[in-house]
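Residue numbers (numbering that gives the first Met the number 0), protein chains in the order written: chain B, 0 to 344; chain G, 0 to 153; chain P, 0 to 288.
Some hints here could point you the wrong way.
[As the list claims (entries may be wrong)] If the Cβ cut is set under 10 Å, some of the chain G residues that face chain P in the computed set are:
#	residue
1	Val-13
2	Arg-62
3	Ala-88
4	Gly-99
5	Leu-115
Just so you know, the hints here were simulated from the structure itself, not pulled from any lab data. For each residue, glycine too, the CB sits at the ideal point set by N, CA and C.
Now for the letters of each chain:
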Amino acid sequence: MGYTTVRDRDGAVAAAARLAASRHDAGGGDWGERLPLLVDQVMAEAGVYEPRVAALAMDQAAGDVARACSLIRAWSAVLPRLGCVTADAAELRVERRITPGFAEPAGGQYLGASLDYAQRLLDLGSGGEDAPPEVEPDGEAPRDLPAAFPPARRGLDREGLLAPPEPRAEPVDLVREQGDRTRRGALLALLARADTGAATALAYSAVRGFAALQDPTVVELRSGHLPVTVPHPDGGQVEVGEVPATVVELVLYRMHGGVPDARLTLGVGATPGRLERRAIAAALLDATTTRAAADPPARLAPCEDAEFLSIVLDAQEAVGFVEHLKLPHHVTFTSDLDRIRSARR
Amino acid sequence: MTAEIDMHRCFRAVLMALALPGRPQASPVAGSATPDLVLRSIWEPEQVGRLVVLIQGDPGPRRLEGLERGSEEEPQRGATALVATAGDAPETAVWLEGPGLAEPARTVLPISAEALESRSRACAAPPAGIDLVLVTREGAIVGLPRTTRVTVER
Amino acid sequence: MRPGLARLLRRDGTEVGYGWAYLDETAKREVRRALLKAVAVPGHQVPFASREMPVARGWGSGGLQVTLSVITPDDVLKVIDQGADDSMNAAALRDLVSRTTGVRATTDAREATLIQTRHRVPEDDLHEGQVLVFQVPIADPLRVVDSRPSVTRRLHADRDYAAVWLYLYEDHARTGQSSFTHSHPVEVERGYVMSPTPIPRFDLPRLDRAPFLALFGAGREATVYAVPPYTRVEPLAFADRPFEPERFDGPCALCGAADTYLVEDDSAEEPRWVCSDTDHCRRRREAAR
């Protein structure tokens with residue numbers, strides 16, 4: 000597992016692509032190794048970190064992500080629960096750290112393995128003299144990332160420019176607890192395993208303008224592995240494993256309409272795995288709903304409406320209900336027709 | 000590839016001609032080949048006669064105001080008149096003002112005063128209007144977008 | 000080993016499988032038609048059939064389509080993001096344009112003839128003949144008053160800008176200042192209201208009656224617009240509430256410039272402020288030696 004930091008940023012584009020290539024086995028190997036981001040998506044939406052199970056479920060679901068998540072969630076719902084831990088995001092072992100809001104943050108930016116900056120040119124062939132220049136897996140020794148990064152939002156915090164997240168989120172186990180899903184903790188949990196497309200579309204609607212004018216800026220994105228530690232029966236803590244995760248902190252500028260206290264709204268999003276738009280969308284929706292919490296409900300756009308989001312974001316519920324329309328409905332349909340005919344007589 | 004590059008240079012000349020009205024831009028090919036190159040660089044064959052109209056010689060006192068002018072909501076539908084001037088084209092001294100001109104500029108255009116009056120009528124209701132691209136036999140490309148106010152010098 | 004599809008699709012050009020300047024001729028003509036009308040109607044958003052590009056929507060696909068349709072082999076190209084040439088996205092865009100055209104690239108804004116930019120106008124004095132291509136995220140300045148293009152198209156057609164002036168009025172009445180940050184709406188030739196893209200307010204005076212041609216490409220929203228040289232571009236502001244650009248507390252810590260747009264640098268012992276236009280800053284430092 001390597002990473003590269005480069006001074007000359009033109010070299011960085013190639014280096015980031017090299018790293019991404021070196022993790023891929025372009026031919027051979029099972030599909031789970033070739034398509035790691037798809038595996039990440041399945042694990043994130045299912046809410047279960049187990050890559051082999053994700054790959055297996057996808058095989059059995061013929062590649063349908065929603066169906067694969069169904070299989071996994073159903074399987075995991077009845078597994079015995081051994082414990083519950085809270086992992087501190089600050090403990091994330093960072094492999095990639097970017098700060099779009101700041102050009103030169105304390106600690107620096109590390110692109111890591113990312114396809115972000117590689118051009119989306121479809122590579123149509125393999126080998127032969129016509130092939131475009133190959134991207135060779137990187138053989139360079141990795142440079143060490145700092146052990147810890149100061150949070151990029153620290154300066155904003157000190158200057159008093161951040162509205163503290165209100166209310167503070169309490170962790171919620173959505174599977175086992177019932178209750179109000181619009182509480183911030185519940186919404187964040189929902190966002191962590193939301194349907195990727197739905198969350199992205201709704202976050203897009205916020206930036207695109209189907210809401211009050213608000214300007215989001217990602218303050219920090221960190222991707223890496225989160226250690227999971229549990230109390231040891233004999234005392235002390237023991238690390239039992241690590242989960243790949245991406246955490247995003249985002250701030251929202253929304254000043255129009257007059258605010259008693261001019262500040263940025265902080266949003267936080269996280270996802271298992273490395274499909275970063277999941278974490279960005281989650282952070283954005285956390286910020287928009289927090290900021291709009293004081294607005295009258297009638298004026299809320301969908302992306303600001305915690306109640307709306309709590310209903311549409313879960314893929315299982317949405318997919319299940321949309322697809323249920325394939326079930327027989329002739330009894331209900333006969334009833335509809337009865338009323339139409341009656342109205343026309 | 001040469002043909003592609005000629006089209007790139009040709010379009011750039013037309014773009015700058017409309018961005019800097021009245022100032023001749025050089026065509027990458029011979030004057031006689033330029034009108035055809037302009038058409039091929041910018042329009043599809045089926046659009047010639049509609050979105051762009053090729054006029055050989057002077058447009059005269061009525062042609063320009065008969066062209067499609069576009070609407071308030073879609074001013075971009077206003078036609079482009081590509082005028083391939085003849086060797087003995089009339090010359091009219093004019094003052095030009097408007098976007099693309101740092102200050103009012105005097106120049107001589109290879110087009111008749113009557114055609115310019117017809118153009119003014121076509122452009123009388125901004126943002127609707129027509130846009131003129133003149134190509135001389137020597138391969139000079141001169142642009143008059145609808146925003147340019149033309150005053151004929153008497 | 001089966002022959003790659005790339006061989007079947009080979010065309011003459013510097014990059015296998017693609018023509019000169021990447022786009023096919025139909026795509027270029029579509030952009031060109033829109034650009035001509037954009038220049039003829041300054042500030043008006045002209046729709047065009049925007050192609051999927053090898054950069055994601057939102058990452059400069061519109062600016063790229065404009066650049067590729069406008070560029071000639073005689074150009075000298077500069078691509079910047081946040082004012083810096085070595086920004087990741089600028090590097091990727093520049094690389095794609097260079098690879099498919101062979102055009103020479105530069106970081107010096109004074110010698111560039113075609114400059115594609117995201118979020119800044121270069122600090123150097125620019126001159127006539129230069130073309131600036133701005134990357135546009137949100138094309139319509141009236142987005143603040145209605146998200147629907149079907150509504151805002153009509154407002155623009157009627158030059159009905161009362162709602163955005165009211166928006167500005169409410170800001171002043173409630174908070175004593177405008178809430179517009181970057182992307183401050185501007186009036187073009189006393190006609191259309193336009194979004195100058197997310198350049199800082201600091202850069203807006205540079206657009207007014209500028210000697211260069213400004214082209215604006217929105218790939219995702221599928222529109223282009225333009226401001227010819229020497230055209231009036233004025234930020235919306237009430238006469239008795241003057242327009243306020245961003246202000247800085249001191250000069251650039253690297254080159255001493257007191258007239259450039261600065262950004263924060265926290266990489267050193269003490270936080271400091273430095274020019275966002277890295278090449279301009281570098282040249283100022285070199286000239287000082």
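Hints versus structure:
1. For G/Val-13, the suggested interface contact is upheld, since its CB lies about 7 Å from the closest CB of chain P, less than 10 Å.
2. Interface restraint check: G/Arg-62 against chain P, minimum CB-CB distance 19 Å, threshold 10 Å, status violated.
3. The interface hint given for G/Ala-88 is violated, since its Cβ lies 23 Å from the closest Cβ of chain P, which is over the 10 Å cut-off.
4. A distance limit of 10 Å between C-beta atoms decides the matter here; for G/Gly-99 the minimum to chain P is near 4 Å, and the interface restraint holds.
5. Interface hint at G/Leu-115: violated, since its Cβ lies 17 Å from the closest Cβ of chain P, which is beyond the 10 Å cut-off.
Violated hints, listed in ascending order, are 2, 3 and 5; each of the other numbered hints is respected by the structure.
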